[in-house]
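Per the UniProt record's numbering: the sequence shown = residues 1 to 280.
For the record, the hints were derived by calculation from the structure and aren't laboratory data.
Just so we're clear, the structure is a prediction, and the values are computed from it rather than from any experiment.
Watch out, some of these pointers could steer you wrong.
Said to hold, decoys possible - Below 16 Å or equal to it, Euclidean Cα-Cα: the simulated EDC-like pairs (lysine to aspartate or glutamate) are: (1) 100 / 172; (2) 100 / 170; (3) 100 / 54; (4) 100 / 178.
Unchecked claim - What follows is a set of in silico ranges between Cβ atoms, one per label pair, in the way DEER data are often shown: (5) 262 / 20: 51 to 59 Å; (6) 15 / 61: 41 to 49 Å; (7) 213 / 81: 16 to 24 Å; (8) 51 / 165: 34 to 42 Å; (9) 232 / 169: 49 to 57 Å; (10) 57 / 97: 47 to 55 Å.
Cβ coordinates follow ideal geometry from the N, Cα and C atoms, glycine included.
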Amino acid sequence: MSARLRKRGAVWIIHALLAIWLVISLLPPVMLIAASLNRTALFRSPMDLLTFRDFTLENFTQAFTRGDFWFFFTNSVIISASAVVITLVVCVPLAYGLTKISGRARAAVSFGVLAMRFIPYVVLALPLFLIFVNLGLSGSRTGLLLAHLSIHIPFATWMLVGFFDTVPQELEEAGIVDGCNPWHLFWHVSLPVVRSGVIALAILVFIISWNEYLFALFLAGNSAQPLTVGITRFLGGAEAGAEYGVIAAYAVLVIAPVILFALTANRYIVSGMTAGAVKG
C-alpha cells in the first residue's frame, strides 16, 4: 500500500512540475498578446495586462500604417519561399548522391558540406557584406537570400542524408531489376519514401528564414528588409522612447503566420523528424 501511495505521489509531483512548466512556457506569449492590446504596456503590472485594462486595438493600426507591415511582409515571404525552393532543388539530389558514396570519400565530402555549420553566423556577416558590395548585391533581396542559403544548405544536406539512409537497399535493388535508370530510381523509388522528411525540412527552412535577424540587419538594404528588421523602427532613440505596445502588436503579427503554418503542418514535422531517426 505504501508503495502504491509513493507511486501516486510521484505521479502528482510530475504532473505539478509539468503544469508549472506549461504556465512558464505560455506566460511570455500571453503577456505579449496582452501588451499588444494595452495603451501603456510598459507601465502596467502583469495582472493589469492579463485583465486587459486600458484595452485598445490602436497598436495594431499603428503597426500596419506607420510600420509599413505589408512591405516588410512581402520581403519576408519572397525571401523565405525562395530559400525553401532553392534549398530543396540543390540539397535533395546532393544528399541522395552522398548516400551513394562510400568510405573516406563520403566522409570528406560530408565534412566539407557541414563545415559551414561549425562557424557562428555573426562571423560570416562581415565577409558576406564585403563580397556582396563587390558583386553589387549589397542591400538586395538576392544578397540576403544567398546569405540564408549559406545557412540552409549545410543543414538541409545533413538532414536529408539521414532521410535517404532510411530507404531500404532492397527497394532500390528491386527498382534496378525492374529496369529503372538512376534518374527513375531517385525520382520514383527513393524520393517518395522520404517525402514526409522533405516536407518537414521545407517547413523548417521556411521558419528559420522567416525568423532570421542577424543577416537581415547587416545585409538587407531599405528595399529588402524583412519583418524582423521592420519591427526595430518602433524602438525609438535617445529622445523618443520605445513604443512597447506597438512593438508587441508588431511582434504578434510577425509570429502569427509562423505559428499558424507550424500548427497546420505539425504532422509533417513530426513524421519527417521520426523518419530519419532510425535506419529502415
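Going down the list of hints, with the structure as the test:
no., hint, in the structure
1, 100 / 172, "12 Å, holds"
2, 100 / 170, "14 Å, holds"
3, 100 / 54, "63 Å, violated"
4, 100 / 178, "19 Å, violated"
5, 262 / 20: 51 to 59 Å, "24 Å, violated"
6, 15 / 61: 41 to 49 Å, "43 Å, holds"
7, 213 / 81: 16 to 24 Å, "18 Å, holds"
8, 51 / 165: 34 to 42 Å, "53 Å, violated"
9, 232 / 169: 49 to 57 Å, "52 Å, holds"
10, 57 / 97: 47 to 55 Å, "53 Å, holds"
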